[in-house]
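Chemist: Okay, here's what each chain looks like letter by letter:
Protein chains: 6
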Amino acid sequence: MKDVKIENMDWVSYHELTKKGACKIILPIGAIEQHGPHMSLNPDVLIPSYIAEKVAEKAGNMLVAPAISYGYKSQVKSGGGNFFPGTTCVTGSALENYVFDVLQAYVGHGNHEFILINGHFENSMHLCEAADKLVKKCAVEGITIKIYLLSYWDFISEDTIAQVFPDGFSGWAVEHGGVLETSIMLRIHPELVDMSKAVDVEPAKFPPYDVFPSDPTWVAPSGTLSSPLKATEEKGKLILEECVSGIVKHMS
Amino acid sequence: MKDVKIENMDWVSYHELTKKGACKIILPIGAIEQHGPHMSLNPDVLIPSYIAEKVAEKAGNMLVAPAISYGYKSQVKSGGGNFFPGTTCVTGSALENYVFDVLQAYVGHGNHEFILINGHFENSMHLCEAADKLVKKCAVEGITIKIYLLSYWDFISEDTIAQVFPDGFSGWAVEHGGVLETSIMLRIHPELVDMSKAVDVEPAKFPPYDVFPSDPTWVAPSGTLSSPLKATEEKGKLILEECVSGIVKHMS
Amino acid sequence: MKDVKIENMDWVSYHELTKKGACKIILPIGAIEQHGPHMSLNPDVLIPSYIAEKVAEKAGNMLVAPAISYGYKSQVKSGGGNFFPGTTCVTGSALENYVFDVLQAYVGHGNHEFILINGHFENSMHLCEAADKLVKKCAVEGITIKIYLLSYWDFISEDTIAQVFPDGFSGWAVEHGGVLETSIMLRIHPELVDMSKAVDVEPAKFPPYDVFPSDPTWVAPSGTLSSPLKATEEKGKLILEECVSGIVKHMS
Amino acid sequence: MKDVKIENMDWVSYHELTKKGACKIILPIGAIEQHGPHMSLNPDVLIPSYIAEKVAEKAGNMLVAPAISYGYKSQVKSGGGNFFPGTTCVTGSALENYVFDVLQAYVGHGNHEFILINGHFENSMHLCEAADKLVKKCAVEGITIKIYLLSYWDFISEDTIAQVFPDGFSGWAVEHGGVLETSIMLRIHPELVDMSKAVDVEPAKFPPYDVFPSDPTWVAPSGTLSSPLKATEEKGKLILEECVSGIVKHMS
Amino acid sequence: MKDVKIENMDWVSYHELTKKGACKIILPIGAIEQHGPHMSLNPDVLIPSYIAEKVAEKAGNMLVAPAISYGYKSQVKSGGGNFFPGTTCVTGSALENYVFDVLQAYVGHGNHEFILINGHFENSMHLCEAADKLVKKCAVEGITIKIYLLSYWDFISEDTIAQVFPDGFSGWAVEHGGVLETSIMLRIHPELVDMSKAVDVEPAKFPPYDVFPSDPTWVAPSGTLSSPLKATEEKGKLILEECVSGIVKHMS
Amino acid sequence: MKDVKIENMDWVSYHELTKKGACKIILPIGAIEQHGPHMSLNPDVLIPSYIAEKVAEKAGNMLVAPAISYGYKSQVKSGGGNFFPGTTCVTGSALENYVFDVLQAYVGHGNHEFILINGHFENSMHLCEAADKLVKKCAVEGITIKIYLLSYWDFISEDTIAQVFPDGFSGWAVEHGGVLETSIMLRIHPELVDMSKAVDVEPAKFPPYDVFPSDPTWVAPSGTLSSPLKATEEKGKLILEECVSGIVKHMS
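Residue numbers (numbering that gives the first Met the number 0), protein chains in the order written: chain A, 0 to 251; chain B, 0 to 251; chain C, 0 to 251; chain D, 0 to 251; chain E, 0 to 251; chain F, 0 to 251.
Do not rely on the hints blindly, as some may be mistaken.
[Said to hold, decoys possible] Below, a list of computed lysine-lysine pairs in the DSBU-like style, where the Cα atoms sit at most 35 Å apart:
no. : chain 1 : residue 1 : chain 2 : residue 2
1   : D       : K53       : C       : K4
2   : F       : K196      : E       : K18
3   : F       : K236      : F       : K196
4   : F       : K204      : A       : K57
5   : A       : K19       : C       : K132
6   : F       : K236      : B       : K4
7   : A       : K145      : F       : K204
8   : C       : K132      : B       : K248
9   : C       : K76       : B       : K132
10  : C       : K135      : A       : K135
11  : C       : K76       : B       : K145
12  : F       : K145      : B       : K132
13  : A       : K136      : F       : K76
14  : B       : K136      : D       : K132
15  : B       : K135      : C       : K135
Keep in mind the hints are simulated off the structure, nothing from the lab.
So that you can see chain A by itself, here it is in the shape it has in the complex:
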């Protein structure tokens, strides 16, 4: 039962490990969202979960909480849009309140430091709100907590980008289902990627605004915002190593 995953521990062992706030709790947060015909619906959950485990193993004083699987509504310009079958998203308030409650329960066990690893861009502001509200509520109750909030791709350096995208980088905005996520999935869950179904698409170009209801013609029929064709396991390895070591460096 040696493991960094909280859910796999019995409560007595967990209690021993977390006494006196000895551990930082990592909460991976993702989404169930289409990522093209070549990949499963859960990269936004699996990637931050994988990174969380590796970070916890390296850091030594961190534990990984069960991930939040369902995230905020996919937006056309970052995730293809909420109208794709399989994209299964919740409202901002539902996500915010659920995450707030989960973190508050961990505070109740005596934990004081948290790392939220986000795998789905659209979650960001709602996680920010949950974190901000909990910090304030705890302060009123005389409890000081600290919550780090990060999206793993923000730990990727320009050097790595240059290696991963030797032909030029079109920007994070169009990386949905593209080389970045596909490479990582090839590394950590190759059984969930089928490159034979990968569709070559030009990097998406969007007008400088959003529109509601969404206009499905803004997105390629495959659902990805750029082409995954040049994804490789090696690129995935490179990216993950940088993210893991960067997070460990900043957070432990």
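On the provided structure of chain A, position chains B, C, D, E and F as indicated by the hints.
Modeler: Only chains B, C, D, E and F this time, still in chain A's reference frame:
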């Protein structure tokens, strides 16, 4: 990628399978909750998830959605109480709204029938509220849906109970962390059970009321409400087979 | 103006009685719900209200607050279902917030102990949530309160059950509008019972799950889940005496 | 069981009476609030309930729903303030949502016309919001409903005021616990009035603003905003007859 | 940049002025609501904003926050009704929560005294709720604040009324879009009044109740509840001077 | 009274202009937030308001609604942080619900197309949620609406950036209170800018994560994220012209 788990499918495959509401969607809902020193914190998630998969495989026209891991607050008389380290629970409204949104998203894909498999007693009324509200909202929108809500233990017959508890059954109320759940976990996740840590406790006896704040002295220090000592993998197998076939019989 | 009912007191008298938290406040909570063609819609309100008054009279240091009349949605397997004309129920959040606010107002008068006497099974989890939240909010404000939550039928012993159901007891689950409630009403409000309209029905048998929307064919057309024909005032007297003395014993 | 009170009917009788929307449903809404040392805490509930019954009896096609007892927070300038022991009030949202749900349940039985009789000034705007929201929600669902909202004192004519206050009328604003409410209570519940405890106070004079937190020195220590000394049962009779006949005239 | 309007200050200057809670913060709150064919939609915003600035200039230790423009739903008997084109109103909870948050942010800067100047009758109870909740939340956090809530017309004396309405005053209830507001607008924003479009209407007479949905025939087609024809700039000047000096007298 | 601002119109004129959904409604949304010691607190309100008016004037078929002044909490990495005196922000839900209600009211007048011009980055996701919910609610009611959501800076081309930042552009992320906003304010409200107080700061460099509570040492004491020293009115003119013409091109 042949699988009943939605999250492991690509969106095109999922879309093919669910066209015209061809599939019932099973949503397992559990909790992260102490289950004694001999068992991990996640039986309430793993058990309904396992049953869901087996049911879907047998039924043929069902798919399994990613589980809801965090459930409603553990109560002393059914789960030992919300004050145990490791018991990580959310408010009723957070659970209700999150589940509501998740189901609504699946309705948005064209699915019309749902099976909620609950693994944590305390969730029941909040799931009931989510289901009732969604059915009504969909009706206003001109969409007819049907939601089955079940707790897996309600499919266990008196015959099976007699076999599992040859010395007499103390009632479902005190089965938390006892023979029932431990046997099932021994069957499906033996690596998460350590019988050497199992504590023999008398079936809990409670006063005929609840009190807030909870009184921790009502519960055995180990956290289980009855003894898990007589749990066996065989009992787990028996229980699971009955639950799975019962659910398939009623729902397909 | 000698009375245990708060509403009938003037504020100065009430203030005198409750100074220094001298009294426990009992709040009866029920529902407006069909109970068969032979009985009025308010047994779930009148029974806990009656018990509350008798308990307060016996205990000496308790007062009875005005009852909460409208409760959570009737469920098919415990109350016949929310689709019967006359069954007039509210959402979980409306009940929870209303009860929370009422209790909080009594805390504001300096009261610190509360007894919630529930007369409608479906209310239970929502009352639990209101109680739990209030206890926590008060703790943050530096106020220690204690809330007992009970359903009166949990104070009935097996001996009494044997006397009330000499031909065998089908279980609490099907007691809606049956011998139990009818006997009590014959004792406390015979003018609201008309046994000539009582319908003989077999104890209800339900599948091991719930379904939404409800299936009205699961319930007898009369709305009761078992037959009230063997109800008598004597049985009602017996039950009430046991409930009242049990509550007094545990709570004063 | 011949009665205008819904709660006292069995569901079959209620259903017969309300078929095809044949009846208007009257919902009395009040508050538990101090009304001086000479009177119980429930005039705001008892008065609209009494009027509701008389109106229903006269009109013939109306039924009375169980009253809402706990109302919105007492304000200094209309009810003495929310800080008096015994004044037991809820937030605006709790009241609004509870009333909304109750009315919606009656709509579910096929009723289409409602009369809300308010007995507590501070409830008004929250009842207005509940009514407005329900009308709109029903319209979306294709159901046309009509809700009358009234405070009973608005049906009192200048002639009656002249008779009730022969020495001059200080205005509705200071009638809290004064001649008006006391006279009515003397008429309908003399056992809840003890004129020997009535305190003579000058009509309250307030600054032209409100302040939070409330300033208790703005109110007489007795809690009434004017003197109840000249209250009589005859005045109560006069007022009630006018209110009842006025409501019947406008609403039936 | 010398000004009483907070929004026009840089943050360093604002910080200097408000150190140690040196200033009272005035928040004007209005509505966008029709006021007849002769006047713009914003008198309920512009009038309290104007008064706020004059009060702050006179008092010396007050600053004016950016106004809340959108208020609670217009009611037929006080504002003509929510169905007029141009009347642009929000729900009670949206207003309450928005105002609550805004005030809380000013508390966060170290301000402890607030004056809410209301220009739209229908806002009153929702502002009351926001103020009451904030005072209580701050108290739990150990912060003592004080919030004055006023509607400017409550500072108008009977003498002034006699001068403004020499032919008799029909009551505040029907002043919507009439002589009072039109006179003030002629004084402070003559460019937003076009007296050639003013419609002469009799003072509105309403039944002693409200009805939902609203009945548009209760209101004159022009939308005002009395005639604005006798409005003059001089009357506006007189009213404003009395309001400003009255508020300064009571609040500084 | 010729004007594109709705608030300055009388209701009859507004009604004429908006009949049959003839006009798009522009809603500017900003924030009250520190922008350095050299600038007022309201650029995020004034800039989108100015752009809205110019767009409406040019387009011909657009009207401008009163702006939403208070926005979502300032974040350290985009607005300096919510802890600066003068930064006066609301929660996400308060903003979302207020904007939702305001837009819904305009839909109620028969308007079907909306343009939300955002001036405060942190508002984006909450506006997205409000827009998405309203579109769906209207669809259920049988009303088709369309909402454009834009942040004005997304209409600035790379050419313009090259002209505005001849020494190199540090990215939008650090433009808070820098050359961009200061130049625009010099153009439209020079009286609210005092360049003599402008502080020269290096473009902010932030770690690749956020932390709660915020760490004030991440931000320059002045509150800007880059230096405003090279701001000029000419640059402001250039930027505004491009934004206005871009919006007109895309939206009319």
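Chemist: Indicate, hint by hint, whether the structure satisfies it.
Modeler: Results for each hint:
no.: 1; hint: D:K53 <-> C:K4; result: holds, 25 Å
no.: 2; hint: F:K196 <-> E:K18; result: holds, 20 Å
no.: 3; hint: F:K236 <-> F:K196; result: holds, 22 Å
no.: 4; hint: F:K204 <-> A:K57; result: holds, 27 Å
no.: 5; hint: A:K19 <-> C:K132; result: holds, 26 Å
no.: 6; hint: F:K236 <-> B:K4; result: violated, 56 Å
no.: 7; hint: A:K145 <-> F:K204; result: holds, 21 Å
no.: 8; hint: C:K132 <-> B:K248; result: violated, 41 Å
no.: 9; hint: C:K76 <-> B:K132; result: holds, 18 Å
no.: 10; hint: C:K135 <-> A:K135; result: holds, 16 Å
no.: 11; hint: C:K76 <-> B:K145; result: holds, 17 Å
no.: 12; hint: F:K145 <-> B:K132; result: holds, 27 Å
no.: 13; hint: A:K136 <-> F:K76; result: holds, 23 Å
no.: 14; hint: B:K136 <-> D:K132; result: holds, 16 Å
no.: 15; hint: B:K135 <-> C:K135; result: holds, 33 Å
The structure shown violates the earlier hints numbered 6 and 8.
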